[in-house]
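Trainee: If you're matching them up, the sequences are chains A and B in order.
For the first sequence, this note's numbering gives the first residue as -1, with consecutive numbering after it.
For the second sequence, this note's numbering gives the first residue as 30, with consecutive numbering after it.
By construction, these hints were calculated from the structure, which means they are not laboratory data.
Hints are supplied without guarantee of correctness; some may be wrong.
Calculated cross-link-like contacts (lysine to any residue; reagent style SDA-like; alpha-carbon spacing at most 25 Å) [claimed, not checked]:
1. B:Lys283 - A:Pro236
2. A:Lys66 - A:Asp78
3. B:Lys66 - B:Ala121
4. B:Lys283 - A:Pro52
5. B:Lys283 - A:Arg355
6. B:Lys283 - A:Arg241
7. A:Lys397 - B:Ala478
Predicted model only: the values in this text are computed from it and were never measured.
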Amino acid sequence: MVMAPLAAGREASLRALLDTMNRAPGMADPDNAVLPFGAFARLHFARFVLLDDPTLVDIEAYGLQPPKTPLYFVFMGDCDGPATPLLADMAQRGAAGLRSLFAHCEGFDTSGDLLAWMLAHDAPVAANYVNWVGRSVLQIREESALQRALSARVVRTPLASGAEVQATRRALMTFVEQEKQAGRLTLTAPERTPLGWRVASLVNLVAVPLVGLIVLPVLIVLLPWFIYLLRTRETSDPEICPRPQTEALQALQELEDHEVSNQYTAIGTLKPGLFRRSLLSVLLVLVDYACRHVFTRGHLARVQTIHFARWVFLDGKRRVVFASNYDGGHQAYMDDFINKVGWGLNLLFSNGIGWPRTRWLILGGARIEQRFKRYQRRHQLPTQVWYKAYPGLALVDLKRNQRIREGLERAQMSDAQALAWLRLL
Amino acid sequence: MKAQVQTHAVDRDDIQGLLRSGYGHHTEACFLLLRIKDREAARAWLLAAPVTSAAVSERPSGTDASAAAESLPETVLQVALSSEGLRALELADDIIEGFAAEFVSGMGGDANQTRRLGDVGASAPERWRWGTGPRVPHVLVLLYALPGHLDAWRHTIEHQCVAGFDSLACLETANAIDFEPFGFRDGISQPKLDWDRRHPARDQDQLTYSNLSCLGEFVLGYPDEYGDYTDRPLLDAGGDAQAALPRAEDAPDKADLGRNGSYLVLRQLQQDVQGFWKFLDSAAGGDPDQRERLAAAMVGRSLQGVPLVKSGDETDARDAATSKPDLNAFTYQADPQGLRCPRGAHIRRANPRNADLPAGTRGIVSRLIRTLGFDAEALQRDLVASTRFHRLLRRGRKYGAASLAESLAGPPGAEAGIHFICLGANLARQFEFVQNAWMTGTKFDGLTAESDPLLGPRLPAPDGTRTDGYSIPQSGGPDRCVAGLPQFVTVVGGAYFFLPGIRALRYLATAR
Chain A
-1 MVMAPLAAGR EASLRALLDT MNRAPGMADP DNAVLPFGAF ARLHFARFVL
49 LDDPTLVDIE AYGLQPPKTP LYFVFMGDCD GPATPLLADM AQRGAAGLRS
99 LFAHCEGFDT SGDLLAWMLA HDAPVAANYV NWVGRSVLQI REESALQRAL
149 SARVVRTPLA SGAEVQATRR ALMTFVEQEK QAGRLTLTAP ERTPLGWRVA
199 SLVNLVAVPL VGLIVLPVLI VLLPWFIYLL RTRETSDPEI CPRPQTEALQ
249 ALQELEDHEV SNQYTAIGTL KPGLFRRSLL SVLLVLVDYA CRHVFTRGHL
299 ARVQTIHFAR WVFLDGKRRV VFASNYDGGH QAYMDDFINK VGWGLNLLFS
349 NGIGWPRTRW LILGGARIEQ RFKRYQRRHQ LPTQVWYKAY PGLALVDLKR
399 NQRIREGLER AQMSDAQALA WLRLL
Chain B
30 MKAQVQTHAV DRDDIQGLLR SGYGHHTEAC FLLLRIKDRE AARAWLLAAP
80 VTSAAVSERP SGTDASAAAE SLPETVLQVA LSSEGLRALE LADDIIEGFA
130 AEFVSGMGGD ANQTRRLGDV GASAPERWRW GTGPRVPHVL VLLYALPGHL
180 DAWRHTIEHQ CVAGFDSLAC LETANAIDFE PFGFRDGISQ PKLDWDRRHP
230 ARDQDQLTYS NLSCLGEFVL GYPDEYGDYT DRPLLDAGGD AQAALPRAED
280 APDKADLGRN GSYLVLRQLQ QDVQGFWKFL DSAAGGDPDQ RERLAAAMVG
330 RSLQGVPLVK SGDETDARDA ATSKPDLNAF TYQADPQGLR CPRGAHIRRA
380 NPRNADLPAG TRGIVSRLIR TLGFDAEALQ RDLVASTRFH RLLRRGRKYG
430 AASLAESLAG PPGAEAGIHF ICLGANLARQ FEFVQNAWMT GTKFDGLTAE
480 SDPLLGPRLP APDGTRTDGY SIPQSGGPDR CVAGLPQFVT VVGGAYFFLP
530 GIRALRYLAT AR
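If we strip away everything but chain A, and leave its shape as in the complex, we get (with noise of 0.2 Å):
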């Protein structure tokens, strides 16, 4: 996530400058002519977002002033594979663009090394999801051509026999085949994974419950403190759920339900003091460590509809900035949040102020529907120019498309096997 503090004055520009980018409102023109995004094969989504947070005022409710902070221009992208290579790319291909968006941020210097810049303005993310770890935006695109291919193709008739869904199949194989030949369909082999993040994962796998272990002596003995802390705090931090603008509402809303696909962002102040900041910094780990050895293979607990999501600290730790790329429309998305994973919400956000009422942790908070719904719309920012690599492809989609792939691939089925494959076409 590259961010830099917008210079004085330069915002009404900015603003116009990111929605020459647009096609529909938020919804990025693959080919603009600012930063074609569908030039980076390896990006599966991106933003650009002014973080304009106008919930700074909450603290006062704790009785402290509002600190000033700038105004934060972002950038964020999901990609394959590390960022830095994506983003000495996006600095050679695309240096005119960026250097015209980020010539609006303070200190940036329009003959200066671009990638360099970014690289330093790069803040560090605190907690990562990806729906399905290793699932290329190039895999993603020819399993779709694929799915088409053999759902036009395939007979749509009852099969008698085992012998004829095999025959069925192999038949499909056999297209499929001379489809390749023929340069209409590609099936490229997935990429090795690097020996440097298989390692660099083993080590993180490893070392997190090192760390656990060694301190959770000492976790036990502060148990009764921090349930102490914790109840405390619980029972009386203030709820700041209002309802939000109409006209930050629907400046909300007119940047959805473009596509099957939505994007969300939100910021907000955690709550003063170093209990809610050690709290949220240890359950941040935590929850990174999760999504990147436990919550890799489509789903985020009970949650199938998140394509990617990060958590990221600003201003040291006082802030935090989540956003995510989710299908469906936004109410479907907050029930979802809901009625699956209240838990793990109130878990991190009720360190956030002004969020509802918890117990214990986990219990009430987004659960309190109306004040939760409440409190994530005014928190939501606009998120001013919004990529998806695969318009029109929900996660549903992927999946089914990989399974279609891997059915293919395989050289036996059985005959049940067989059908089940032919059943998704």
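Go by the hints and put chain B onto chain A.
Mentor: Chain B alone, transformed into the frame defined by chain A:
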């Protein structure tokens, strides 16, 4: 905190009868769409309007008691107001802002809402007959009558309303209610409201599907399925000096303008009956049995209302009161792939009948595994949101020909359709959600690219993908696909209303 809320008995005298009954015996009905032209006269009429309360129509819809028809009122009147109507009555803006945002902005006036609801193309509000600009109704008057009494009743009310209102339209209805215009039995599935408040209203996962809803899902001022009170305008005591309004249960020092009221969604849905059957006929190659089976596959019930997921079952549940087969006692749990009832069938989209958590073995370990999403099979069945938060209480009436035969025999282009009405306490979570995620959603329950076979707007997705197909799973091979469905249903008008409690109605007629 919630445990201390003092619960009061439900004051049925204060609730408009429509919440409790669809007035099935009152087969004659018409709906007046009015604009206020003289505020004082309008107020005077609203203050005295002969509204029928839920105490009179003691018979909940669905119970078939043919006896005691003589104890029914001959005529019934219900009143609802749009947000523009409230403004025309000069209700203070800050009170109006206390209503749901969707109600305040209205149905056809906001492009974002229009996109969400799928009111695009032929159904776009620009083409509506009523519901936009100067044709947004202020007041909706619903008139019902026992056979033979409607004309006189309508005449009486229209006469009373002349001084205060301009008539925008009178939506007439067919004098038949059991079958909708395409020919299917209608109104079978309805949520049952917990009128006696026996069901504990607290936030707790429900592991089985139930048709019983907390009162607060449909009546404002009561706890909903989350155990919460839905947002509605609460007034300081000063705003209700005469103490005309009930107090809020969750804030006893406030007057509750919402209590005993509900939101009412009205949409005029024009149905292309001849087009529907012509399409099916050609898709079925002219075979009448095949045609009817295909129609049933699209709806999820036979024309007579038998749910496909149950057809052929020997052990049909029977309705205790009537010993007729209970057409509403089923779920899709045993049919996850849609082999009996396609996953995209109309009634399956409108009411997926699932619980909060996909079914699994008993025990805390299994539950934890499902909660964390590690049960692959449970995940596969977890694509649809929990049904109990998205129920609609339907009160629509059809218009045009009284029967399908009449429609098919009639002149081409003769109009038929439904004045769709549904009630609910939460427009966003109920009507709008169902319309957006379940009816027009092209990825419902993991489907590829199709919307509701009856209601779908059929416009291609922004990336050009067609959404006008319908897939029918079959056990012996890939899904059968019916391609090129035309648009069968067009929205030609619509608005959101507030159906106030009766004391609230009188308050609105006097507040200034």
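Trainee: If you draw a straight line from the CA of Lys397 (chain A) to the CA of Ala478 (chain B), is it 25 Å or shorter?
Mentor: holds, 15 Å
Trainee: Within a Cα-Cα threshold of 25 Å, do Lys66 (chain B) and Ala121 (chain B) meet the stated pairing?
Mentor: With Cα atoms ~19 Å apart, Lys66 (chain B) and Ala121 (chain B) stay inside 25 Å; holds.
Trainee: Checking one constraint from the list: CA of Lys283 (chain B) to CA of Arg355 (chain A), max 25 Å. Satisfied?
Mentor: holds, 22 Å
Trainee: Compare the distance between the alpha carbons of Lys283 (chain B) and Arg241 (chain A) with 25 Å, and conclude whether the hinted pair is satisfied.
Mentor: holds, 18 Å
Trainee: Holds or violated: Lys283 (chain B) and Pro236 (chain A), Cα atoms, limit 25 Å.
Mentor: Holds, at roughly 21 Å.
Trainee: Between Lys66 (chain A) and Asp78 (chain A), is the straight-line Cα distance small enough, at 25 Å or below?
Mentor: Outside the cut-off at roughly 36 Å; violated.
Trainee: With a cut-off of 25 Å on the C-alpha distance, tell me whether Lys283 (chain B) and Pro52 (chain A) pass.
Mentor: violated, 29 Å
In this structure, the hints that do not hold are numbers 2 and 4, in rising order.
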